[in-house]
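Heads up: the sequence lines are chains A and B, in that order. Count the first sequence with our numbering and you get residues 271 to 527, in order. Count the second sequence with our numbering and you get residues 524 to 1089, in order.
Calculated from the structure, these hints are not laboratory results. Each residue gets a CB set at the ideal place from its N, CA and C atoms; glycine is no exception. Be aware that a few hints might be false.
Per the computed footprint, the stretches of chain B lying under chain A, defined by three or more beta-carbons under 8 Å from a beta-carbon of chain A, are [to be verified]:
hint, stretch
1, 724-737
2, 845-851
3, 892-906
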Amino acid sequence: MTPDPITKLMLDILRMPPAASAHAADVDQLMVLVHWLMAILFTGWSIFFVYVLVRFRRGAHPVADPRGVRGRWSTFVEGGVLVAEVILLAFFSIPAWSSRVDAFPSAQQSTVVRVVAEQFAWNVHYPGADGAFGRTDVTFLSATNPLGLDRSDPAARDDVTTINRLNLPMGRPVIVYLSTKDMVHSFTLPQMRVKQDAVPGTVQPVWFTPTRTGEWEIACSQLCGLGHYRMRGFYSVQTREDFASWLAAETAALAPR
Amino acid sequence: MFLKHFFSTDHKVIGLLYAFTALFFLLVGFFLIVILRWQLAYPGQPVPVVGPLLGDANAPGGIILPEFYNQLGAMHGTIMVFLGVVPLAVGAFGNYLVPLQIGAPDMAFPRLNLGSYWFYLAGGVVMLSSFFVPGGAANNGWTSYPPLSDLSPTSGQTWWLVGMLCIILSSLLGSINIITTIVQLRAPGMTWFRMPFLVWAQFVTAFLLLLAFPALQAAAILQGMDRVAGTSFFLPSGLVVSGRPLDVSGGGNALLWQHLFWFLAHPEVYVLILPAMGIVAEIIANNTRKPLWGYRLMVYSLFVLGVLSFLVWAHHMFLTGMGTAISAFFQATTMIISIPSVVILTSLILSLWGGSIRFTTPMLFALAFLPMFGMGGLTGLPLGLATTDIPLHDTTYVVGHFHYVVAPGTIFALFAGIYYWFPRITGRMMNDTLGRMHFVGSLVSMNAIFMPMFVQGLAGVNRRLWDGGMEYAHAQGVLSLNVHMSIGAFALAFFQIFFIVNLFASLKQGRVASANPWDATTLEWSEDTASPRVYRDPYDYSPPGAPRDFVPQYVARVVSSGPAEG
């Protein structure tokens, strides 16, 4: 789907990161529309502003007219702004938001993964072939087990864990259960148009569908301490085959334990 | 001799105390960000000139550590907002001008007024001192989100809370005073709709301060308890910090702080902007030589803004896990609140139509306020829509947005006010040439600083990064803008020299001004301030049949055909 020339022009001006998820087009569409609205209003006001300053400068207009502008067109401008905002809100922003937070895909059809943020890393937890996350507990925490995964739990035997590495298959919904061990962090996948605060004490579900393969970075968007600037991870959208073979290799590496 | 001014209960003296203290803090806050901008432009390179003065704990070899970077950022925001802009806009302009403009003999509670200043000064001293405690000042953002702030190892965070409590107390005392003064002490004839727009703006602002700040006061006490008394108001159970389970009782809620903080901090945005609009309105009416267009509509818009500003706070929290219904509510209120802002801005621009515009120095700043505030307001739209907030939240786009509102917006209005009322205060004019150089230099350099922030933010560069985003691949294409922005900041610092020199030199050497040098209509320019009486609307400029192009409010003579007020 190629965007129309007006949309494309604004997209070229805005220069956001490449969009690589199914809902990114909705986000970008609204971004384009709202920036067009801003551009039109700012240009319109600026032209009027400059015209008035030139025409009514003291040299050209020595005696002021106290009556000022007549006519109701300012009301039309204000009304127009309101109408434009209502349209953006009701037909674009709210539906797009609702599809993010209400219309979760079923777990069976999705890649489900836990992401646990901490100062200053992203811990990733795949449930493995059984589709069930193994038990985690604070007592199992160690430098090599930052998730505190209980490997004696049968559900945990095939669980794959990584640090700062999130691999995902293309063309299939992803559900991330996001949490944090310590501070507020913000899980950001710029190309997916995904950003979600990880709030201590809560688990936040996020879902999206990657539509392009690529190798990108996970960013932290919420100040989380002195290492905030380097709380960077990597994520990769792979073909289903590549993802399956990666996951199989990771699972196989667990076997000796 | 000098110290006696610190014990005066005269609203004019207190206003000036506020003014000089707030200008000092604006300079301090600006100084912090200039150092920070060096680090953003040249990460890991020693800060020139002042580097060795920063201390080995903060900047060994002059190289800013991430901990110190976070101090600079948090304290820049705190000092600019709470110790610089608001005290200047409300404490200084409100104290000095409100009684004069409504013809009151003084503030309603002069001692409370002095107390308000003292608490403000105490808050400022506490904030500045916190740089010198072990671990340094607060370094958790001006928003101080827990658990980071709760668990922050530096006692600077506790000092920050104490400082905030002093500042909040000061604001509460000040706002009660302004409200009471406006309600009770208006001169005979000063009906509500004869009040200058600046007085209306201060009136609504005072209500915002009075009603919003207690939420943060409560929150600051709770966070202080968490820090010193071992409570867990903002700490949920099960936290693990640096690999070790945190030894607290838990059961708290980290989001509670965000709600309490933003319940204050969004109305606070309007505390920053409403007095600025008031100052700009006064100066525009005076320098166009005509009444404000839509004065009543603007007053009503102030009230709508005031009420709605309490209903939008959670648009700062769209990404904390908000459902459709709540996000729709806060998006809707956020879109609605843009309308009264648009009404006021449009009215101010339309007020220029038909005028005889004098481009005096205060007018230049007031005029520049309009497109700059417009830019700040418009860039709020994609942040106020939850869907477009997803990519933009916590990026430099946000930083650009609110700096357009506050820096070339509010601070320009405050500069305009200083140039405009300086002759009322000192009897002398400020130098025009220096003023114009200050204006042009500041306008160009502020845009050079803040415009590229939108470009970086759209590219996905996050704010509050010690290395300015150098770590991230998506930032590489816009990374060089960091250097451009920092050069803009250094240029901005240079052009403030013109202002500082002008301010102090004009005190003694400025051209002597007449009592009413701008030919203004409002009461503060009256030579006879003993028992003023008010006979007309605030902006009776260029009425038909009048001998001159203005009739002050205190002049009784009725002109043959009075102007219709819009």
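Quick rundown of the hints versus the structure:
1. A count of 0 residues in the stretch 724-737 of chain B with a Cβ less than 8 Å from any Cβ of chain A is obtained; the coverage claim is therefore unmet, three being the minimum.
2. Interface restraint, the stretch 845-851 of chain B with chain A: holds (5 residues with C-beta to C-beta distance below 8 Å; minimum three).
3. Counting residues of the stretch 892-906 of chain B whose C-beta sits closer than 8 Å to any C-beta of chain A gives 8, which meets the bar of three, so the coverage hint holds.
Checked against the numbered hints listed earlier, the structure breaks hint 1 alone; every other hint is satisfied.
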